[in-house]
Amino acid sequence: MKRRHILTASAAVCLLMTASLGHAEGWSPERPMTMVIGFAAGGSTDIQGRVLARSLEEYFGQPVNVVNQPGGGGAVALTRFLNVEPDGHTFMFGVQLGLTFSPIVTETEYDIDDFRYAGTLVGGQFGVVARGDAPYQSFEELVAYGRENPMTYAQQLPMDQAIMQLIADQEGIDLAIVPTGGGGGMAPLLLGGEVDFAFSGGTHAQYTPTGEMNVLAFLTRERSPFYPDVPTLVELGYPYAMDDFRSFFLPGGSPDEIVQAFEDAARFAVEHPPFVETTVENTLHPIVFMDAVETEATIREIRAANEALMAN
Amino acid sequence: MDFSAVGAAAAEALTLASFIGIGGGVLLGYIVGVIPGLSRSVAISIAIPMTFYMSPFIAISFLIGLSKGTAAGSAVSAILLNAPGEASSAATSLDGYPMAKNGKPKTALQVGLIASVLGDILATIILIFVAIPFARVALLFGPYEMAAILAFALVFIAGLSGGNIFKGLAAGGLGIFLGTIGLDNQTGLPRLTFGYTELMDGMPLIAVAIGTLALSEMFIQSEKLRYDRENMSVALKKDSSDRITWPIFKTIFPTILRGTGVGTFVGALPGLGPSVGSFMSYGMTVKAAKDPETFGKGNPKGIAASESADNAVIPAALIPLFGLGIPGNVSAALLIGAFAIHGITVGPLLLRDNPELLYSIFAGMILASVIMLVLGWYGLMVFAQITRVPPHVVIPIVIFFCLAGMVLQGYGTFGLVILMAFALLGYLMKKYDYSFVTFLVAFIITPMLELNLRQSIILSRGNWEILLGRPIAMFFIACTAIALIALIIRTFRKEKPLAEVPAD
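Listed in order, the protein sequences are those of chains A and B. Those letters in the first sequence? Residues 303 to 614, per the working numbering, in order. Those letters in the second sequence? Residues 3 to 506, per the working numbering, in order.
Only true hints are included.
Below, a sample of chain A positions facing chain B; criterion: calculated Cβ distance under 7 Å:
no., residue
1, ALA377
2, VAL378
3, THR454
4, ALA478
5, GLY486
6, GLU496
Pairwise CB distance ranges (calculated):
no., chain 1, residue 1, chain 2, residue 2, range
7, A, GLU409, B, GLY9, 48 to 58 Å
8, B, VAL419, A, ASN385, 13 to 23 Å
9, B, THR189, A, PRO575, 39 to 49 Å
10, A, PRO511, B, ASN465, 33 to 43 Å
11, A, ASP389, B, ILE127, 55 to 65 Å
12, A, PRO575, B, VAL419, 41 to 51 Å
13, B, ALA488, A, GLN467, 38 to 48 Å
14, A, ILE414, B, ILE222, 47 to 57 Å
15, B, ARG463, A, GLU537, 25 to 35 Å
16, A, GLY434, B, PRO398, 52 to 62 Å
17, A, GLY474, B, VAL409, 48 to 58 Å
18, A, GLN467, B, VAL372, 50 to 60 Å
By construction, these hints were calculated from the structure, which means they are not laboratory data. C-beta: ideal position from N, C-alpha, C; glycine also.
Please work from the sequences and hints to get the whole structure.
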C-alpha cells in the first residue's frame with residue numbers, strides 16, 4: 303500500500319505547481335457545490351471539512367457550501383446520500399467507519415457498492431494508551447503486568463473491545479472492559495486512575511506532550527508519523543488492526559471523469575497549506591493521501607477485517 | 003493561576019467580535035427577559051442553533067450573556083407590569099410594582115438593575131475562585147461519585163419542581179426512557195430506533211428542548227391570549243426626584259450581599275433554580291428586617307433581595323457544570339449541549355485542556371455584567387416600552403425561530419415532526435401539571451447517568467464493598483435515600499411544595 307505522509311512544512315512549493323494546474327481539463331463544476339458532512343458542526347470532521355471546502359473553492363472556482371447531517375456515526379448522511387444526483391455537485395467528505403463498521407452491527411439501507419470513492423485525505427490514529435506514571439511503559443510490560451494482576455480497560459468502539467478481549471484471552475489477562483462514550487470521557491477515567499489502560503481515537507495527542515499519557519501501541523496498520531517509535535499491534539505479533547480514513551464519497555453512478563476530478567482535487571488539498579495545517583495542528587490527524595482505486599480497495603479490506611473480528 | 007493565560011483571556015474578551023457577541027447576547031436576553039411569557043430556557047434553546055458559526059468562546063459567552071440579560075430584564079416587567087418576565091422575578095414584583103405605582107418607577111428599576119449587576123459580578127467572582135480549585139480536585143470524582151450525584155440531582159429536581167413526588171418521578175422516568183434511545187454506548191447496537199437512522203444518536207436534544215420548552219409554551223401563551231386582557235404598564239415620566247440616591251444604595255447594599263450569598267449557594271446545588279433563590283432571599287430579608295410590615299408596599303430592599311439572588315444563581319450554576327459536567331438547572335443543561343456542538347466536553351478536564359477558553363469565558367462573563375449595567379441604565383426607557391409589545395406579535399415570531407432553529411440542525415422534515423411531537427408532549431405536561439423541567443433534565447443527564455452507572459458496576463466487578471472506600475459516593479447515596487423518603491412523606495401529607503420551580 304503506497305501512501306504519503308505529508309507534514310506542514312513541505313507544501314508551499316507544491317501549492318504553486320498545483321494551483322497553476324487548476325482544472326485544466328476534464329470535468330469541472332458549473333454551479334455552487336454542496337459538501338455533506340455526516341457529523342455535527344464543531345467536531346474534527348467538521349473542522350477539517352470546512353477548511354477543505356475553502357481549498358476546493360480555490361481549486362474548482364465555485365463556492366462550496368457545507369451541510370451537516372449528523373447521526374449514527376455518518377450513517378444518517380450516507381442513507382440520505384443514496385438519493386443524490388451523480389452530477390458531481392453534491393459530494394461527501396466522509397468517515398469510512400460508516401461503511402466499514404456500521405453495516406455490520408446494524409441494518410443500513412446502503413452498502414459499499416452504492417457509492418463511488420474518489421480519494422483519501424486524512425488518516426486515523428487509533429491507539430492504546432496508559433497513564434504516564436503507570437508501572438508499564440510498553441505494551442509488552444502491560445501484558446506481563448496483566449498476567450499477574452486483574453486489569454481494567456476503557457473501550458470506545460465494539461471493535462477495539464473485541465481486539466482487547468482477544469488479546470486478553472490469548473495472554474490470560476483477567477480484563478474488565480468499561481464503556482466511555484468517547485475520548486472526552488476516556489481522559490478523566492484514565493488520568494483519574496479509575497482504569498488501567500484505554501483506547502484512544504486521537505485524544506492522546508493532547509496528553510502525550512506533558513507525559514501524562516503514553517501510547518503503548520497503535521491499532522492501525524502503519525505507525526503514526528507523530529509517534530514513530532510506538533509499534534503497531536501487528537508488529538507486536540497480534541494479527542489485529544483497526545483503521546479509519548476520511549475520503550471523498552460520490553453518489554453511485556458518478557462517471558469516471560468526475561471521480562478523476564475529485565481525485566485530483568484531493569491531491570491538491572493534501573498539499574494546500576491551510577488544509578494541511580488545520581488537520582495536523584488543530585485536529586491532530588495525519589494527512590494520508592490515497593487515489594480512488596486504493597481508497598475503495600482499502601474500504602473493502604477494512605470491512606472484511608472488521609467482519610472477521612466481530613464474528614469472534 | 004496561570005497569568006499568561008489570564009492575560010490572553012482578557013485580550014480575547016476585549017475584541018470587537020466578542021463585544022458584539024456578548025453585547026448582542028445581553029441585549030437579546032434583556033428583551034426576552036422583559037417580555038412576559040418568553041423565558042430564559044426558551045431563549046437559550048432557540049439561540050443555540052444561532053451559535054453554530056461562532057467561535058466556541060463567543061458562542062458560550064453569548065449564551066451566558068443571554069441568561070444574565072434575561073435575569074436583569076425580567077425585573078422591568080415585574081416592576082412596571084406586575085407580571086414577571088421570568089418566574090424568578092416574581093418576588094421582585096411584590097415590592098417593585100407598589101413602588102412604581104407610588105410614583106417611583108425609575109428608582110425601582112434602578113434598584114433592580116444595580117442589585118442584578120452586583121449580584122451577578124460578585125457571583126461570577128465567586129465562580130472563578132471556586133471553580134478553579136474545584137476543577138483541580140474534580141478528578142477524585144470517579145464514576146461512582148458521578149452516578150451518585152446524578153441520581154441525587156434527579157430525585158431532588160423531581161421533588162422540588164412538581165410538588166407531587168410521584169408525578170415528578172413519572173416525568174423523570176419518561177425522560178430517562180427517551181434518553182435511552184440510540185446506539186448502546188458499549189456494543190454499538192441500536193436501541194429503540196425502529197429502523198430510523200436519525201435516531202441512532204438518540205432523540206435530537208434541540209428538538210426535545212425547543213419542543214417541550216419553547217414551542218409548547220407558545221401554545222399555552224396563545225391560549226391565554228384568548229382569555230386575558232393585557233395589564234396596563236406603568237409609564238415612566240420625567241421626574242428628576244425619581245432616581246436612585248446614595249442613601250437608598252447604602253440601605254440596600256447589605257441586602258444585595260445577602261441575596262448574592264443565598265443565590266450562589268442555591269445555584270451551586272444541582273437542581274435548584276433562580277426562583278428558589280429569589281424567594282429564599284426575599285424571605286430571609288423580610289425576616290431580618292426591623293420593619294417587616296413595609297415589605298410588599300414598595301420597600302426597595304425587597305427588590306434588591308430578589309434581583310441580586312436571581313442573578314447570582316446564573317454564574318453559580320456553572321460551578322458544578324465546569325467542575326463535574328453536571329448541570330445545576332435547565333439552562334446549564336442546555337449549555338452542555340452547546341459545548342458539545344462546539345466539540346468541547348464539559349467536565350473536570352475542561353480547565354486543564356482548555357484553560358484559555360475557560361478564562362476567556364470568565365472574562366466574557368464579567369464583560370457581560372458591565373454591558374448589562376450600561377444597557378440597563380441607558381436603555382431603561384426603551385425596555386419599558388417593550389412591556390407594551392402585545393403577545394400576538396411576540397408569539398408568531400418565536401414560533402418562527404423555533405422552527406428555523408430546528409431546520410438549521412440538519413435533521414430535515416424528520417426533525418420538524420419530532421419537534422412537533424415534543425411540543426404536544428410539553429403542552430400536555432404543562433396542562434396536567436407534570437414537571438417538564440424534571441422530564442428535560444432527566445432526558446439530558448440519562449446518558450451520563452447510564453454510562454457512569456455501567457462503569458461503576460463493571461469496575462467494581464459487582465462488589466458492593468468498594469463503596470466503603472468511596473465516602474463522597476456514599477454521602478450522595480445517603481442523601482438520595484433521605485430526600486426520596488422526605489419527599490414521599492411530604493406528598494402524603496399534601497403539604498405545600500417548598501417552592502415553585504418553573505423553567506429557568
